[in-house]
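Enquirer: In order, the protein sequence lines correspond to chains A and B.
Counting in the numbering used here, the first sequence runs from 1 upward without gaps.
Counting in the numbering used here, the second sequence runs from 1 upward without gaps.
There's no promise every hint is true.
As a list, the in silico DSS-like pairs of lysine-lysine whose alpha-carbon atoms are at most 30 Å apart [said to hold, decoys possible]: (1) K211(A) to K332(A); (2) K5(A) to K234(B); (3) K161(A) to K318(A); (4) K2(A) to K234(B); (5) K151(B) to K92(B); (6) K214(A) to K41(A); (7) K101(A) to K348(A); (8) K390(B) to K58(A); (9) K220(A) to K332(A); (10) K63(A) to K390(B); (11) K212(A) to K43(A); (12) K220(A) to K5(A).
Rough simulated footprint, nothing fancy, chain B against chain A, three-plus residues with beta-carbon under 8 Å [as the list claims (entries may be wrong)]: (13) 27-33; (14) 88-101.
In short, the hints are calculated from the structure, not lab data.
We put the CB at the ideal spot given by N, CA and C, even for glycine.
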Amino acid sequence: MKALKVFLVALLTVSMLCMTGCWNYRELEEIAIVTGFAVDKGKNGYPYKVTFEFLDPKEQQPKPRYLITQGKTIFEAMRNAIADSERRLYFPDAKILVISKDLAASGVAPIFDFVLRDQELRITMIPVVSTAPTAGEMLQRQGISSTLISLDIWKAISESKENLSESPNIQLYEAVNLLDGDGCALVLATIKPIQQGELETVELDGSAIFKKDKLVGYIKREDTKFLSFVRNKVQGGLLVFSPENDGQNITLEIFGSKTKITPEIQGDQVTMNINVEVQASLAEDTTVKNYVTRDGIEKAEASAQKYLESGIQQLIEKTQKNFGCDIFCFGKTISQYHPDYWNIVKDKWDQEFTKVKCNVTAKVKIDITGVTKDKIKVSENG
Amino acid sequence: MESGKLSSQIVEESKLTTSLTDNIVLIRTIFKNNDTLTMRQLETPTDPAIKFCLFFSDGMVNNRLINQDIIRPLLEYRPDKKEPDLIDLIAKNITLSDTVEKTTDMEKIVQAIVYGDTVLLADGFMEALVLNTKGWQSRSIEEPENERILKGPREGFTESLMVNLSLLRRRIRTPDFKMEYLNLGVRTKTHACICYIDGIAAPEVLKELKSRLQKINIDGILDVNYISEIIKDKPNSPIETIGSSERADVIAAKLLEGRVALVVDGTPVVLTVPHLFIEYFQSDEDYFINYMFASINRILRILAFIFSISMPALYLSLATFHQEMLPTSLIMSIAAARQGVPFPTIVEGTFMLVIFEMLRESGSRMPGNMGTALSIVGALVIGQAAVQAKIVSAPLIIIVAVTGIAGLMVPLIKGIGVPLRFILLFLSGLIGLYGYMFGMLAFLAYIFSVTSFGVPILTSAYSNDQQDRKDILHRTSWKNMITRPKYLSPNKIRNSSKGDSL
Numbered sequence: 001m002k003a004l005k006v007f008l009v010a011l012l013t014v015s016m017l018c019m020t021g022c023w024n025y026r027e028l029e030e031i032a033i034v035t036g037f038a039v040d041k042g043k044n045g046y047p048y049k050v051t052f053e054f055l056d057p058k059e060q061q062p063k064p065r066y067l068i069t070q071g072k073t074i075f076e077a078m079r080n081a082i083a084d085s086e087r088r089l090y091f092p093d094a095k096i097l098v099i100s101k102d103l104a105a106s107g108v109a110p111i112f113d114f115v116l117r118d119q120e121l122r123i124t125m126i127p128v129v130s131t132a133p134t135a136g137e138m139l140q141r142q143g144i145s146s147t148l149i150s151l152d153i154w155k156a157i158s159e160s161k162e163n164l165s166e167s168p169n170i171q172l173y174e175a176v177n178l179l180d181g182d183g184c185a186l187v188l189a190t191i192k193p194i195q196q197g198e199l200e201t202v203e204l205d206g207s208a209i210f211k212k213d214k215l216v217g218y219i220k221r222e223d224t225k226f227l228s229f230v231r232n233k234v235q236g237g238l239l240v241f242s243p244e245n246d247g248q249n250i251t252l253e254i255f256g257s258k259t260k261i262t263p264e265i266q267g268d269q270v271t272m273n274i275n276v277e278v279q280a281s282l283a284e285d286t287t288v289k290n291y292v293t294r295d296g297i298e299k300a301e302a303s304a305q306k307y308l309e310s311g312i313q314q315l316i317e318k319t320q321k322n323f324g325c326d327i328f329c330f331g332k333t334i335s336q337y338h339p340d341y342w343n344i345v346k347d348k349w350d351q352e353f354t355k356v357k358c359n360v361t362a363k364v365k366i367d368i369t370g371v372t373k374d375k376i377k378v379s380e381n382g
Numbered sequence: 001m002e003s004g005k006l007s008s009q010i011v012e013e014s015k016l017t018t019s020l021t022d023n024i025v026l027i028r029t030i031f032k033n034n035d036t037l038t039m040r041q042l043e044t045p046t047d048p049a050i051k052f053c054l055f056f057s058d059g060m061v062n063n064r065l066i067n068q069d070i071i072r073p074l075l076e077y078r079p080d081k082k083e084p085d086l087i088d089l090i091a092k093n094i095t096l097s098d099t100v101e102k103t104t105d106m107e108k109i110v111q112a113i114v115y116g117d118t119v120l121l122a123d124g125f126m127e128a129l130v131l132n133t134k135g136w137q138s139r140s141i142e143e144p145e146n147e148r149i150l151k152g153p154r155e156g157f158t159e160s161l162m163v164n165l166s167l168l169r170r171r172i173r174t175p176d177f178k179m180e181y182l183n184l185g186v187r188t189k190t191h192a193c194i195c196y197i198d199g200i201a202a203p204e205v206l207k208e209l210k211s212r213l214q215k216i217n218i219d220g221i222l223d224v225n226y227i228s229e230i231i232k233d234k235p236n237s238p239i240e241t242i243g244s245s246e247r248a249d250v251i252a253a254k255l256l257e258g259r260v261a262l263v264v265d266g267t268p269v270v271l272t273v274p275h276l277f278i279e280y281f282q283s284d285e286d287y288f289i290n291y292m293f294a295s296i297n298r299i300l301r302i303l304a305f306i307f308s309i310s311m312p313a314l315y316l317s318l319a320t321f322h323q324e325m326l327p328t329s330l331i332m333s334i335a336a337a338r339q340g341v342p343f344p345t346i347v348e349g350t351f352m353l354v355i356f357e358m359l360r361e362s363g364s365r366m367p368g369n370m371g372t373a374l375s376i377v378g379a380l381v382i383g384q385a386a387v388q389a390k391i392v393s394a395p396l397i398i399i400v401a402v403t404g405i406a407g408l409m410v411p412l413i414k415g416i417g418v419p420l421r422f423i424l425l426f427l428s429g430l431i432g433l434y435g436y437m438f439g440m441l442a443f444l445a446y447i448f449s450v451t452s453f454g455v456p457i458l459t460s461a462y463s464n465d466q467q468d469r470k471d472i473l474h475r476t477s478w479k480n481m482i483t484r485p486k487y488l489s490p491n492k493i494r495n496s497s498k499g500d501s502l
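Isolated chain A (complex conformation) (with noise of 0.2 Å):
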C-alpha cells in the first residue's frame, strides 16, 4: 500500500513536470529583444522583407540595432533572421508592427495572422502603416525620446488617447475583430518621416482607413479627432477654434466626452442622430475679446458647438464620398438598435453606408476658466 502511494505521488509528480511547457531556459544575453518590427514588400521574388529593430545587446546603454531578412512567409523571414543573427529573436517585448502602405493596399490580414498565431507575440502590438514608401526605413530613423524609435511611436499612440484623440489607439487583436465586418471599419493610425532639427525622426499622421483589410486613403489628424468623437473615444484633447472667424483662436481642453448615436430609420432613409456632450476648460484665449463673461461663455461654447458639429459633420460627408466604408461604426450602432434591419441591409452596407443622413449636435459645456478669471489687461493709452 505505501509503495503504491509512493508510486502514485512520483508519477503525478513527474506527468506534472514533464507535461508542462516550461522548459525554456534562456538567459537574457542570449536572446536579442526585439521592440518592433516592419514589413514590406520584398525583392527577388520573395513576398515579405522584414526589418527587426532589436536592443543591440552589445551596449549598455540601450541602442538600436536592424535586421533585415526575406521569406516567403513572415514566419519564414523570421526564421532567417536566426540564420542571419548569433542570438536568437525575442518578441515579446514587440511593440510596434509597421506595415508598409503597399502592403496595407494589397490586405493586412495575411500579416495579422502570424503575430495571431504565434505564441511569443503579442497580440496588444500596435499595428501602424507606413506613409513612407517603405516601412523599414521607419523604424532606421532616429527616435527623440527613447533611442528606440518602436517604443517612442508605442508611447505617442498610448499618449494620444488621453491628450490628443488624434490618433487611433487600436491593438492589433482590436484590429483583427474590427475586420470582421460587423459594421466597422478598420482605421489605424499612420506615422510619416519627419526632420526635427537634425533628427530624421517620425511622426503619427492622422489615420488610414481601410475598406475590408485593404487600405483606402488617409484622413488627418484632425479629422481623426472628429472620428474619435463620433466613436465615443475621446478622453482628451483640445478643441482650437476660432469664434469670430478672423484667425484669432480660443482652445478649450477637454475633461470630458460622451457621444450617444441613436439611428432612425423610416423606410429605406437611415437617419443617425448623433449627440457630443463635452466638458471643457478655457485653456487658452488670444483673441482680443473678453470670453470670461456670461455671454462670452455662452458665445465660445456656441462657436465650439459650431466648430464640432460641421467638423463631425464634413467628415462624414467626406467618407461617404471618397471611401465607402463605415469608419464610425455606424452598422454596429443600427445592429444593436434594430438588429432586423440590420440583417436586411448587412451585406450590402457598404452602399448603404453612403445613403446615410446624420444630425449632429454637439453641447460643449466650459466648466472652468483655467486658473484665473480675467483676461490680461493691456493698458489702452499707453
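Using the hints, position chain B against chain A.
Expert: Frame of chain A, contents of chain B only:
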C-alpha cells in the same frame, strides 16, 4: 577505595560511617585529584572528642557565610558533654545558615559540595548536614543583545537559574504560578525548572512535556537547544516547534497565554511550549507600542520573510524563463547589466547568496574591531568591484542585498529561511516559476502538518473567527484581546475589561 574505580562509582557504592576519620577519607577519595575541595576540621575547646569537619568547593561558596554562620557558632559552642543528638542540635540551635538539610545520601552530599553548599560532618554520626553557602559570581541582568527593543522592559535572563526564576516570579505573583525543579544530564546534572500557571496552562501539554523530559538521557546539557532538539515533535524538522527567548517579559507573557516554560541553569535562553508559527513574527515590542504601528511592523516582518525566501528564486525565474513577464524597460536594463557576465544566472545567484551568508556569519563571529575591514571588503570588493569586473551583474547584487536585509529582519526563522531560499532557487533554476510554486506549495503543506506538543503550529492563520485572528497579521488593541490563543489554554478568557461576553 580501589584506585581503579571512577569517583562516581565510589559514590554509588559507599556510605558514610560513624567514624569521622573514615568519612573524611571517603570524601577525599571521591574528590581525588580535585584540588578545589577544601576541608576544615574543628574541635570544641571544652571537649576534644566533639569533632567536626567542613567540606566545600573553593570558589563556589561565599566564604564569609561559612566563617560567620557556621565556623564561628561552632567554635563558640561550649557543651559540657557530648549530646546524643548533636547533629540535630547543630541544625536547629547553632548554625545560622538559612537552609539546613540532614542526609546520609552520598550522591546528595557530593552534589551539594560541587554546587557551592557546605557539608558538615560530625564525629560519631552517620548523617551529614548540608548548609547553603552558595556564592559564585554571575553576570548581571542586562538587556539581551539579540532581542533588543526600543520601548518596554529591558531585563534579560542570565546564566543563573535562581536569578531567572526571580525575574519571572517578580512579574507573576499569583500562588498559581508553579515552578517544579528537575535535573537533566547524566554528567552535568543541570538544574532545570518547569514553570507554568496552574489553571491556565493546558494539563496535556504539561504532562507531555514532563514525559518527554524524563526520556532525556544525555551526558550534558549546556544550552536549552540540547533539550529542544531532543524533545520536539519532529526532531529532524528545520521548523522550531519550541519557542525560546532571553527576555523575562516575553516568557511571562507566554506563561500568561497558557504556555509552559522550561528554565535551565547555565543558559539565559528559556524554552516555551507549544510554539506557534506566528510566534516567529511576534516581537514583545508589538505589545508595548501603539497597536497600529505594531501591526505595520508585524506585516513588514512577514513580508520580509516571504521576500527573503522568494526574491532570488523569483528573479531567476523571471530573468531566465519568463522574460515576457518583465516590463520592456526593466528587461532592457537587466539585459544590459547581464552583458559580459560569464556565469549563468543560477550560478551567479548561488555564488552571491553563499558569499552573503559568509559575510553574515563572519560578521557575527569576528572580534568587534574588525568590523570596518569587513564592511569595506563587503561593500567595495563584492559590491562595486565585482560588478565592474563583470563577475556578477548589478541587479543580482540588489536582489541578494534585499534578500539579506529581509532575512535579517526575522532572525529567529533563519533555520528554515536559508535552506528554503536555496531550495526555491534551485527549483526555479530547473523549471522557472512553476518550480517556485511547487516549492512554496510543498512548504505550505509541510508547515500545516507540523504540530507542537499536539497543537498545529499554523492553527489560527486561516481561522475566520475575529478573536483567533486578533494577533496574527495584526495586533488589535489590548481592549479587544479577549481570549488566549486557540488550543493553548482551557481557560479561554484573559481580558474582561470590555465585559464578560465574547
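Enquirer: Does each hint fit the structure? Answer for all of them.
Expert: To see whether the hints hold, each was checked on the structure:
no., hint, in the structure
1, K211(A) to K332(A), "holds, 16 Å"
2, K5(A) to K234(B), "holds, 22 Å"
3, K161(A) to K318(A), "holds, 24 Å"
4, K2(A) to K234(B), "holds, 21 Å"
5, K151(B) to K92(B), "violated, 49 Å"
6, K214(A) to K41(A), "holds, 15 Å"
7, K101(A) to K348(A), "holds, 27 Å"
8, K390(B) to K58(A), "holds, 13 Å"
9, K220(A) to K332(A), "holds, 24 Å"
10, K63(A) to K390(B), "holds, 20 Å"
11, K212(A) to K43(A), "holds, 26 Å"
12, K220(A) to K5(A), "violated, 70 Å"
13, 27-33, "holds (count 5)"
14, 88-101, "holds (count 4)"
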